[in-house]
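Dock chain C with the ligands against the given chain S, drawing on the hints supplied.
Read off the chains here:
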Amino acid sequence: MLPIEIRDVTLNYDTPGGKVQGVKDVSFTIAPSEFVCIVGPSGCGKSTLLNIIAGFLKPASGEIRIDGKPVTGQGMDRGVVFQDFAQLFPWRTALGNVSFGLEMKGVPKEEREKIAREQLRLVKLEKFTASYPHHLSGGMQQRVAIARALAYNPAVLLMDEPFAALDALTRDDMQRLLADVWRETRKTVIYVTHNVAEAVYLADRVIVMSPHPGTVKLEVKIPLERPRDPLSAEFVEWQKKLLHHLGHEAGGDDMQTNG
Amino acid sequence: MTPEQTQRRRSIIRGVIAVAALAAFYEGVAYSGLFPRVLLPTIQTIARTLYGMLADGSMFEHAGATLFRVLFGFSLAMTVGVPLGILMARFKPVENFFLPLVSALMPIPSFALVPMFMLWFGIGNTTTVLVVFYGATFPILFNTWSGVRSVNPLWLRAAGAMGADEHKLFWKVIIPGASPFIITGMRQGFLRAWIAVVGAEMIAASDWGLGWVIFDAEQFLQADIMMASIVVIGIIGFVFERVVFGSIERATVQRWGMVRMVKG
Ligand SMILES: Nc1ncnc2c1ncn2[C@@H]1O[C@H](COP(=O)(O)OP(=O)(O)O)[C@@H](O)[C@H]1O
Ligand SMILES: [Mg+2]
Chain S
197 MLPIEIRDVT
207 LNYDTPGGKV
217 QGVKDVSFTI
227 APSEFVCIVG
237 PSGCGKSTLL
247 NIIAGFLKPA
257 SGEIRIDGKP
267 VTGQGMDRGV
277 VFQDFAQLFP
287 WRTALGNVSF
297 GLEMKGVPKE
307 EREKIAREQL
317 RLVKLEKFTA
327 SYPHHLSGGM
337 QQRVAIARAL
347 AYNPAVLLMD
357 EPFAALDALT
367 RDDMQRLLAD
377 VWRETRKTVI
387 YVTHNVAEAV
397 YLADRVIVMS
407 PHPGTVKLEV
417 KIPLERPRDP
427 LSAEFVEWQK
437 KLLHHLGHEA
447 GGDDMQTNG
Chain C
32 MTPEQTQRRR
42 SIIRGVIAVA
52 ALAAFYEGVA
62 YSGLFPRVLL
72 PTIQTIARTL
82 YGMLADGSMF
92 EHAGATLFRV
102 LFGFSLAMTV
112 GVPLGILMAR
122 FKPVENFFLP
132 LVSALMPIPS
142 FALVPMFMLW
152 FGIGNTTTVL
162 VVFYGATFPI
172 LFNTWSGVRS
182 VNPLWLRAAG
192 AMGADEHKLF
202 WKVIIPGASP
212 FIITGMRQGF
222 LRAWIAVVGA
232 EMIAASDWGL
242 GWVIFDAEQF
252 LQADIMMASI
262 VVIGIIGFVF
272 ERVVFGSIER
282 ATVQRWGMVR
292 MVKG
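Line by line, the protein sequences give chains S and C.
Using the numbering used here, the first residue of the first sequence is number 197, and each one after it goes up by one.
Using the numbering used here, the first residue of the second sequence is number 32, and each one after it goes up by one.
Next comes chain S alone, as it looks inside the complex (with noise of 0.2 Å):
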């Protein structure tokens, strides 16, 4: 729900083997409650954009500003989700991993337990609240882990390719599930995805990366009436578009469409 700003970020990795451009010189803004997709070949510097918006990382120079106000690090007015589905903590049950944002910020356990389970049910997990993650699937690992970044209320939500190890099928269910979670809860989300039709559907607006070094190629708003229809003729007429603009990287051939 705040804006993002993002002027002129840059970082390299020092590698054994020399120096390594993750990103370089990239410049973007968001609107609150917008949701942005960056979409680009693998290596392209998308998750190195993302860990600096978490303040997981530092830029070698630029910043970034959410709401008007420097990031320096972690803060909890963003919530996280990676793709690996190990991110869940496995000694906690899907309650204990979605109650642990707000236990860190001191709410008392019936309080923190009762928006969990809120949380737990908009993704559709209310009857898995005792379950420990090494009893649930790919699609529930993934859904717990959202539900845990939203437990404490965080404005933006940053997203790292999450559905990207699950099957197809499942995929769809998921992206189905995101997009209302994000009717419902509005925040702001940054969405890394090499997955062109998941971009289409979900995004307001998709951020085009190129590789080598890795920058911002173009922006590209996706106008559809929501909920989107992946058959209908403009869907697939977007996604065309969008692969079209990535179809003149080298590594063009490692995007995909639906699945």
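Hints are supplied without guarantee of correctness; some may be wrong.
Partial list, computed: chain C residues near chain S (C-beta under 10 Å) [unchecked claim]: (1) G191; (2) M193; (3) K199; (4) S210; (5) G265; (6) R273.
When the alpha-carbon atoms are kept at most 25 Å apart in a straight line, the in silico DSS-like pairs for lysine-lysine are as follows [as the list claims (entries may be wrong)]: (7) C/K123 x S/K254; (8) S/K220 x S/K265; (9) S/K436 x S/K413; (10) S/K254 x S/K413; (11) C/K123 x C/K203; (12) S/K323 x S/K265; (13) S/K417 x S/K220; (14) S/K265 x S/K254; (15) S/K310 x C/K199; (16) C/K123 x S/K301; (17) S/K305 x C/K123; (18) C/K203 x S/K301; (19) S/K310 x S/K265; (20) S/K310 x C/K203; (21) C/K199 x S/K254; (22) S/K310 x S/K323; (23) S/K305 x C/K203; (24) S/K254 x S/K215; (25) S/K320 x S/K305; (26) S/K305 x S/K323; (27) S/K413 x S/K220.
Since the hints were derived computationally from the structure, they do not count as laboratory data.
Every residue gets a Cβ at the ideal spot worked out from N, C-alpha and C, and that includes glycine.
This is chain C with the ligands only, laid out in the frame that chain S set:
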């Protein structure tokens, strides 16, 4: 019965068969007359001696003394090993300082220190507890150190993003995240402690303790007492390994799916 119960019942039956086979073999040799009876008493004799020592309470006092030393030393080892292992894994200077020390001290058998500890602390509990402490600390420390280093960085990131400070990170993420290793360290540490205490008691204890009983009985050719004590040592060790640590593991890391179930 659940498959798990069936599984456990089977493993108990297998264990009983193995022990019975070993006992039958022993009894065969004892009865064969290859060795004098006093040196190789029959199971019947050992059982009678054991019963006598249990009935007059002396076995409980010996086992109690040994357990006290082991649990005291083991608790000390936990209070030093776990925090130090975590500090070493989290802070490079601490690691740089302690790792060479650990590598140098770990291979020294704790038994080798008994005579020196006796010079310093005399015969009795201080020496035996310290020997136990020495033996148990390193496996605990080493495993904790490995465990903390293998904590999934995603957990730390996720917890950090949710506002966990260093203190909360420590208790709510690092300790549970490293728990499979910490429990392994406890297991190995206890085993080392149990081995160390019996050895230490043989030369550094007086009047009480299972190790002392064995050593003392040797002077009077009381092989039945030695055997009875060895059986008790084995049983207590088994109970700790399978029952105590086994249930800790089932209640925690196995329940959380962080380690595979042990079958058999
Ligand atoms: N921890 C790291 N150390 C060194 N190089 C890295 C690291 N993480 C990413 N890179 C490099 O930075 C570039 C961008 O990576 P990344 O942000 O992960 O891309 P994407 O998420 O778009 O696939 C790649 O060339 C990658 O190899
Ligand atoms: Mg990535």
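Would you list, in rising numerical order, the hints stated earlier that this structure does not obey? Numbers 5, 6, 12, 16, 17, 19, in rising order.
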